[in-house]
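A.B. asks: Take a look at the letters that make up each chain.
Number of protein chains: 2
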Amino acid sequence: MLRFRCIQLFTSPFEAPFIQSFKPHTSISCAQMGSYSTTSSSAQNSPKLVFRQLFEKESSTYTYLLADASHPQKPALLIDPVDKTADRDLALVKELGLKIIYAINTHVHADHVTGSGLIKTKFPGVKSIISKASNAKADLFVEPGDKIYFGDIFLEVRATPGHTLGCVSYVTGDGPNQPQPRMAFTGDALLIRGCGRTDFQIFTLPKDTLLYPAHDYKGFTVSTVGEEMLYNPRLSKDKETFKNIMQNLNLSYPKMMDVAVPANMVCGLQETKSEAC
Amino acid sequence: MLRFRCIQLFTSPFEAPFIQSFKPHTSISCAQMGSYSTTSSSAQNSPKLVFRQLFEKESSTYTYLLADASHPQKPALLIDPVDKTADRDLALVKELGLKIIYAINTHVHADHVTGSGLIKTKFPGVKSIISKASNAKADLFVEPGDKIYFGDIFLEVRATPGHTLGCVSYVTGDGPNQPQPRMAFTGDALLIRGCGRTDFQIFTLPKDTLLYPAHDYKGFTVSTVGEEMLYNPRLSKDKETFKNIMQNLNLSYPKMMDVAVPANMVCGLQETKSEAC
Chain Z
25 MLRFRCIQLF
35 TSPFEAPFIQ
45 SFKPHTSISC
55 AQMGSYSTTS
65 SSAQNSPKLV
75 FRQLFEKESS
85 TYTYLLADAS
95 HPQKPALLID
105 PVDKTADRDL
115 ALVKELGLKI
125 IYAINTHVHA
135 DHVTGSGLIK
145 TKFPGVKSII
155 SKASNAKADL
165 FVEPGDKIYF
175 GDIFLEVRAT
185 PGHTLGCVSY
195 VTGDGPNQPQ
205 PRMAFTGDAL
215 LIRGCGRTDF
225 QIFTLPKDTL
235 LYPAHDYKGF
245 TVSTVGEEML
255 YNPRLSKDKE
265 TFKNIMQNLN
275 LSYPKMMDVA
285 VPANMVCGLQ
295 ETKSEAC
Chain L
25 MLRFRCIQLF
35 TSPFEAPFIQ
45 SFKPHTSISC
55 AQMGSYSTTS
65 SSAQNSPKLV
75 FRQLFEKESS
85 TYTYLLADAS
95 HPQKPALLID
105 PVDKTADRDL
115 ALVKELGLKI
125 IYAINTHVHA
135 DHVTGSGLIK
145 TKFPGVKSII
155 SKASNAKADL
165 FVEPGDKIYF
175 GDIFLEVRAT
185 PGHTLGCVSY
195 VTGDGPNQPQ
205 PRMAFTGDAL
215 LIRGCGRTDF
225 QIFTLPKDTL
235 LYPAHDYKGF
245 TVSTVGEEML
255 YNPRLSKDKE
265 TFKNIMQNLN
275 LSYPKMMDVA
285 VPANMVCGLQ
295 ETKSEAC
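Chains Z and L are the protein sequences, given in the same order. Quick note on the working numbering: the first sequence kicks off at 25 and runs consecutively. Quick note on the working numbering: the second sequence kicks off at 25 and runs consecutively.
If you're looking for bench data, these hints aren't it; they were derived computationally from the structure. Some clues are possibly wrong.
No distinction is drawn between identical chains; accordingly, a pair holds when it is met within one copy or between any pair of copies.
Using 16 Å as the maximum straight-line C-alpha spacing, the simulated EDC-like pairs for lysine to aspartate or glutamate come out as follows [as the list claims (entries may be wrong)]:
1. Lys242 to Asp111
2. Lys242 to Glu82
3. Lys231 to Glu119
4. Lys146 to Asp111
5. Lys81 to Asp111
Please work from the sequences and hints to get the whole structure.
C.D. replies: Structure, rendered in structure tokens:
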């Protein structure tokens, strides 16, 4: 049975994290297939959202910076930060006048070391977030249905297992003051024209939802739910064909696996372990 | 003296290209420094604009796909296509149901071979575009003040010499039906937190104008005029300091220079030369 919690920005230093029950968002409407006016551009009716897509070239990883610019504190979060580019990302946060409050991972990465721990050593107030199902260390654990607030904007947590058991996707909220079209940060669960048996959750989102994965190896930066339903070479197939494709990929052993996974279980800082998470 | 022309999409195959004089856009208003709600996201009031930022990893080059999705023909253009990723870009154009009409370069590149010629061999109806001042071959030559229409959306041509004499930037139009905030495709003239003595033209744009350069070597994908005025380590300096910085860069000889420049003078296809351009 799922629990639904609400993680909010604490405007006072004396406020502690709290868990709030609320009615889960059970009926996701499936809108008509929209036009492809993605514009890498999301947030069309939300001038308050700051959004930046950042790239780490060695592992082809995308890190996403989101912030609520209309909130007095300009609270910001980073999704899937990389240790090697953490300084770049924090410099940008400073230049944009933002206050970093969360370092969030979609899952325990096997191809790069997360920047969460490093960010926390530089900004001790930052809370690291990962799914409870990942079994990794973090300050806050999320479960499907949870909402992560930064200012007045929130991310909704969706279970998208397949790549790893604990994989979740973070989706911008559904509401009048939330970015439109919605944006889904899919981690490694769904790549553009690529992998992941995660269509059950992600493909119930409106077709114009912008898809932001954790990697791209061909130079794409964004897609939509509608496009992936049509053109994803794996997810557009029937179940048996999909299983055959996945069983015959013959992928080589990930070169960073033995370094990255143990490090990412403890926020990217093996030496200091639990203290950093 | 500048001439001002208007390049429009021909809705009938019998219509020939025409040159139209119009009053140049001489007074660019310089809006208040906006918030940094760039959202990689542009086009906030323009649901008809299709926009995709595409990356070629070897030369860290950005190619930009723009189209007018609300026009019956869904006319599209590519800015700074790369030969190695031309097939990827054309496949995406097809998947999105677009009709490619222009292959546009900001300048004669020295670090990669343009995809313009290759695109034209696959889609002979496509017209290649470059600035007249570049002295390169192309189907259409643009000059500062020209407008390049694709459907009802247009790009305005701005002279941004410095990197090369013929460098131009393409800026989305200023008008009620044009994308807001405006988007400037700056080529190599202005990189994010990087080079180019081109501030005279680009820095007269509103501060919330989204800046899309032709490369990024640090993993950034977009910036704004306001940000670069504040944080660009070269352009935020006075003229003498800037000159000193540029004279002491001690850059190595570009590895692709001897291949790329001759090829890019003839649309990327040296063998077929003028036929392909």
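A.B. asks: Against each hint, give a clear statement of whether it holds in the structure.
C.D. replies: Each hint tested on the structure:
1. Only between protomers do Lys242 and Asp111 lie at most 16 Å apart by alpha-carbon distance; the minimum there is 11 Å, versus 26 Å within a single protomer.
2. Taking the closest pair of Cα atoms, Lys242 and Glu82 come within 16 Å of each other both inside a single copy (13 Å) and across two copies (11 Å).
3. Taking the shortest alpha-carbon separations for Lys231 and Glu119, only the inter-copy value of 15 Å comes in at or below 16 Å, while the best intra-copy value is 34 Å.
4. With identical chains, the CA atoms of Lys146 and Asp111 are at most 16 Å apart within one copy only, with a shortest distance of 10 Å there and 43 Å across copies.
5. In this assembly of identical chains, the alpha carbons of Lys81 and Asp111 lie at most 16 Å apart only when taken from the same copy (15 Å versus 22 Å across copies).
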